[in-house]
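Numbering (this note's numbering), first residue to last: 13 to 274.
These are calculated hints, taken from the structure and not from any lab test.
Be careful, since some hints might not be right.
Computed cross-link-like contacts, DSS-like style, restricted to lysine-lysine with a CA-CA straight-line distance of at most 25 Å [said to hold, decoys possible]:
hint	residue 1	residue 2
1	139	197
2	271	210
3	158	131
4	273	210
5	179	158
6	206	178
7	178	205
8	178	158
9	225	271
10	205	225
11	94	45
12	273	179
13	139	94
14	273	197
15	32	54
16	271	179
17	179	131
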Amino acid sequence: MTDGNFSIDTDFALSAEAEKFGSYLIFAFQKIKNIIEYNNRKNPDGWQKYEFSFDVLHILTRNRLTESRNYTENGRNIEYIKAFAEAWSWLIIQGIIVPAVSEYGTSNQIYQFSRAAEKFKEEIDVKTYTLARRLPRDRLHPTIDKAVWSSFIHGDYDCAALQALKKLEVRIRDAAGISVGTTGKSVIEEAFKKDDGKLYDSSGVEAEEHGLKIMLMGIFAYYRNSFAHRDVNLEDPDQAIEIIMMVNHLFRIVEHREKMKP
13 MTDGNFSIDT
23 DFALSAEAEK
33 FGSYLIFAFQ
43 KIKNIIEYNN
53 RKNPDGWQKY
63 EFSFDVLHIL
73 TRNRLTESRN
83 YTENGRNIEY
93 IKAFAEAWSW
103 LIIQGIIVPA
113 VSEYGTSNQI
123 YQFSRAAEKF
133 KEEIDVKTYT
143 LARRLPRDRL
153 HPTIDKAVWS
163 SFIHGDYDCA
173 ALQALKKLEV
183 RIRDAAGISV
193 GTTGKSVIEE
203 AFKKDDGKLY
213 DSSGVEAEEH
223 GLKIMLMGIF
233 AYYRNSFAHR
243 DVNLEDPDQA
253 IEIIMMVNHL
263 FRIVEHREKM
273 KP
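Go ahead and model the full structure; you've got the sequences and the hints to work with.
The structure is reproduced here in structure tokens:
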């Protein structure tokens with residue numbers, strides 16, 4: 013867009029959450045930059061400076077509001093600055109905008125898009141990026157990471173959760189040396205059987221060992237069975253993250269128990 017013919021809905025700007033408004037501003041910034049660069053090429057004598065900074069961009073975007081004149085005249089300017097500041101802070105926290113780099117170092121006031129953000133073409137790209145940052149990949153066991161990552165970042169949360177649970181079941185079975193034909197509840201019963209279960213810690217507190225077994229059985233009964241046998245539509249990424257991280261923790265417990273075996 014080079015003709016300057018775009019606007020920002022005032023009600024949206026003042027009411028949207030920081031994440032929503034910030035996502036929108038990414039593309040507004042791109043449009044404004046393209047417009048200014050185009051106009052400068054077309055009319056060099058009327059050259060306009062473009063600076064990727066809070067002070068410049070909050071004014072340039074404010075001037076694009078659908079009710080910008082009435083809005084500034086009726087004293088609501090501070091409302092927009094607050095909304096813009098919240099969205100700007102969100103963009104920084106997400107690593108979408110970063111201090112501008114030059115041969116002299118970095119700037120505290122001038123910003124640029126991060127390398128990842130430079131690739132954003134549409135809103136789904138921003139959503140995929142921010143979702144990926146919410147799942148702490150560096151804390152995932154490599155096996156869980158490999159199983160869930162692709163499904164999660166593409167929004168297939170129930171598949172991601174199910175794959176994590178499947179990997180946990182396989183890990184328990186392999187660690188305890190249980191035959192492939194044994195599945196679900198039976199795997200846990202055999203692996204954590206009192207005294208002779210391969211993953212049972214006879215040196216531990218009996219009640220705690222029993223609690224671990226019951227917890228695993230409950231997770232499989234409640235989560236794995238529902239995901240595997242019913243058409244569960246898990247739409248909440250935060251719930252998927254909680255399930256994945258819970259499974260990740262249990263996966264490490266199983267791995268530790270395997271290392272304890274004589």
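Hint check results:
{"no.": "1", "hint": "139 / 197", "in the structure": "37 Å, violated"}
{"no.": "2", "hint": "271 / 210", "in the structure": "11 Å, holds"}
{"no.": "3", "hint": "158 / 131", "in the structure": "24 Å, holds"}
{"no.": "4", "hint": "273 / 210", "in the structure": "7 Å, holds"}
{"no.": "5", "hint": "179 / 158", "in the structure": "10 Å, holds"}
{"no.": "6", "hint": "206 / 178", "in the structure": "24 Å, holds"}
{"no.": "7", "hint": "178 / 205", "in the structure": "21 Å, holds"}
{"no.": "8", "hint": "178 / 158", "in the structure": "12 Å, holds"}
{"no.": "9", "hint": "225 / 271", "in the structure": "18 Å, holds"}
{"no.": "10", "hint": "205 / 225", "in the structure": "8 Å, holds"}
{"no.": "11", "hint": "94 / 45", "in the structure": "22 Å, holds"}
{"no.": "12", "hint": "273 / 179", "in the structure": "20 Å, holds"}
{"no.": "13", "hint": "139 / 94", "in the structure": "23 Å, holds"}
{"no.": "14", "hint": "273 / 197", "in the structure": "22 Å, holds"}
{"no.": "15", "hint": "32 / 54", "in the structure": "34 Å, violated"}
{"no.": "16", "hint": "271 / 179", "in the structure": "18 Å, holds"}
{"no.": "17", "hint": "179 / 131", "in the structure": "33 Å, violated"}
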